[in-house]
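Novice: Read off the chains here:
Protein chains: 2
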Amino acid sequence: MSQQNIGITAAKGFKATGVACGLKKNNALDLALLVSDDDCACAGVFTTNRVQAAPVQFDKQVLAKNSGALRAVVANSGCANACTGDAGLADTRATADEVAKQVGCRAEQVLVLSTGVIGVRLDVEKVRGGIALAAKTLSYDGGDDASKAIMTTDTRQKQFTIHNSQFAIGGMAKGAGMIHPNMATLLSVITTDAKISPALLDQALRAAVAKSFNRVSVEGDMSTNDTLLVLANGASGYEIKEKEIEGFTKALTQVATALAKQVARDGEGATKFIEIVVSGAPDEADAARVAKSIANSPLCKTAIYGADANWGRVVCAAGYAGVDVLPEKMSLWFGEVNVFKNGTPTQYDDADATAAIAGAEVFIRLDLGMGNATTTVWTCDLSHDYITINGKYRT
Amino acid sequence: MSQQNIGITAAKGFKATGVACGLKKNNALDLALLVSDDDCACAGVFTTNRVQAAPVQFDKQVLAKNSGALRAVVANSGCANACTGDAGLADTRATADEVAKQVGCRAEQVLVLSTGVIGVRLDVEKVRGGIALAAKTLSYDGGDDASKAIMTTDTRQKQFTIHNSQFAIGGMAKGAGMIHPNMATLLSVITTDAKISPALLDQALRAAVAKSFNRVSVEGDMSTNDTLLVLANGASGYEIKEKEIEGFTKALTQVATALAKQVARDGEGATKFIEIVVSGAPDEADAARVAKSIANSPLCKTAIYGADANWGRVVCAAGYAGVDVLPEKMSLWFGEVNVFKNGTPTQYDDADATAAIAGAEVFIRLDLGMGNATTTVWTCDLSHDYITINGKYRT
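As given, the protein sequences belong to chains A and B, one line each in that order.
Numbers 1 to 395, taken from my numbering, label the letters of the first sequence in order.
Numbers 1 to 395, taken from my numbering, label the letters of the second sequence in order.
Pulled out of the complex, with its shape left as it was, chain A reads as follows:
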């Protein structure tokens, strides 16, 4: 295996590439193509935003009819093809048609992803040119270029790979803003050479997403384009049946978690990666509600950005999470520093609390004192650069 053979071409029998077709400025890579040598089982999860981009609508229809025989995924950055009406849907169909023509499969075997500005028509002529070029440059170690071609405000590509003796799973993802997945995610494609039925793959994917992509947030804005696809082509010859599903799900969760954490770490303008653990919750859903409330609080995120150990904001955010928390049972740690215990401030040293959040990795734990459930959420701080990036996104 070559050095580059990670991400979506880590598994056997997948070719990929990333090319520039002119949707982004400065000849940046903006079109990724993934093609499997054989038909794939495929599962997907999508944004629950009521405003869904054309490619999301298209992919859901394709998967509903044809989840057992997929062949290709094409992804463009630079244009989300969202809020574009029927014309936008026709543009997505034209994109799939061109892929089918260039790689030699049927259009209903192609999935389409788009990311970028909302409310702008996709330039299909540029996309067609990109697909023709991509079809010529597909290779078994092209995953790396593909992961670059889906980036928008990401500062680095996001890939992760697991190999075991039976099969490989590898994936790519992009962030970096409008990140608040809910039974879905940003854009991510994961491939495996395990053999698995679409139904089992779907089951494994939903379990993996619940503990990975649905546990990250950048700023709480849920996108119109969130899509996570997993494709399994069976090229390893190793088959996942009911009794192997637990191990497969665990591996898939590991890949998805690693990608999700990379997304949080590279959130728009991020200077710090923040891990929030909520323990002592009545159940995991409540733990997640509280953790996400903290993760999405602009006041918590700016305090951490400024290394101001203003922990009252964390307790406050827990208080409005919609969970019946009791302040007198709550205890809070910044790193190892216990700042709040059973409803009252401890005699901690402010310098210690400040030091605990001063670095590039911040760990916060809130115990609710109400039960045994724990969950972890990953996010980033809210910085001046976030404002700069999003105050002039289109320019």
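Simulated from the structure, these hints should not be mistaken for lab results.
Accuracy of the hints is not assured; some may be wrong.
No copy is singled out in the list; a pair is fine if it fits within one copy or between any two copies.
Stated by the list, open to error - As a list, the in silico SDA-like pairs of lysine to any residue whose alpha-carbon atoms are at most 20 Å apart:
(1) 329 / 57
(2) 329 / 87
(3) 392 / 354
(4) 329 / 121
(5) 60 / 197
Please read these numbers as outputs of a predicted model, since none were measured by experiment.
Using the hints, position chain B against chain A.
Specialist: Showing chain B alone in chain A's frame:
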């Protein structure tokens, strides 16, 4: 009526003052005292955050027992007295005791408000000193100083007054961050010299709040200390009974709305005031849900800050509001510029859309095309200064 006689001393029979007691630095005003010549009917609404500051817990108990005979309100800035446990509650009680002693009433006739840093004990000795000083400087035109003494990161005081031939209503409020009221608000005190029962006053207050303070947001963080009090001492001799309640509620709503809009306009770091009208909703609650989702979207707020007419973010935020909106029925205006109509972008000129959001007052209207309900929400943009202010709030 003197020039200063606005705000909480606009109504007859109310004295107030603002003094410095050392909770804030640089001898800034940090303690406000309001005293009525006679017993007042009083109604209040409070934060629905599960973590409630000591003064919120205290005031709810007082109002439950004694809403017909209130005499005084004391408010401090510089310390929220939240997350301070039983000791914090004792500090609030000591504050009320001192007011009772100094102004000559019973402790159960006193309400307490606090705002400032969470998780820090209130310095009761400083507060006692401030109350003694305040009791000596109370005056019938002291509302102006009181409104200054409750400010935290506010850049200006917030007051509004209505006089009619029968009675007066005047109020003060403070912002400027952690603003996302829900059946409650920030800190605000409104007084009137109308005579009204506690029950009718409560009814009028809840109706007024629904259309005013519950329609503003700065960043979506709901505070531990939100409190709005209205006191009616009857000094005008004009009595509000069932048949006058509509007019009184209208006047109260006018005062509350003016104060709420001042809070949005002076949100932390705000450079623009934003009015969001959502029309064509199935009902007002759905309209408010969509409008607040837009008002709280960091991406919408930063785009407006940067005068980037990235309207897709507004449609996106409507899509995740938890309302079954249909993009194909939605139409959107930036000022007078219709950028999106029935699910597709219009042929608008980008320069016009940019101009529409470039000024200090931004008007956005989203029609959902689903019904006849309309609501309005007020907010501000999200700027570099918000990050600066909240990255070092305690220092």
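Novice: Each hint needs a verdict: does it hold in this structure or not?
Specialist: Hint-by-hint comparison with the structure:
| no. | hint | verdict |
| --- | --- | --- |
| 1 | 329 / 57 | between (45 Å within a copy, 17 Å between copies) |
| 2 | 329 / 87 | between (55 Å within a copy, 15 Å between copies) |
| 3 | 392 / 354 | between (32 Å within a copy, 11 Å between copies) |
| 4 | 329 / 121 | between (53 Å within a copy, 19 Å between copies) |
| 5 | 60 / 197 | within (18 Å within a copy, 59 Å between copies) |
This entry satisfies every hint, going by the numbered hints stated previously.
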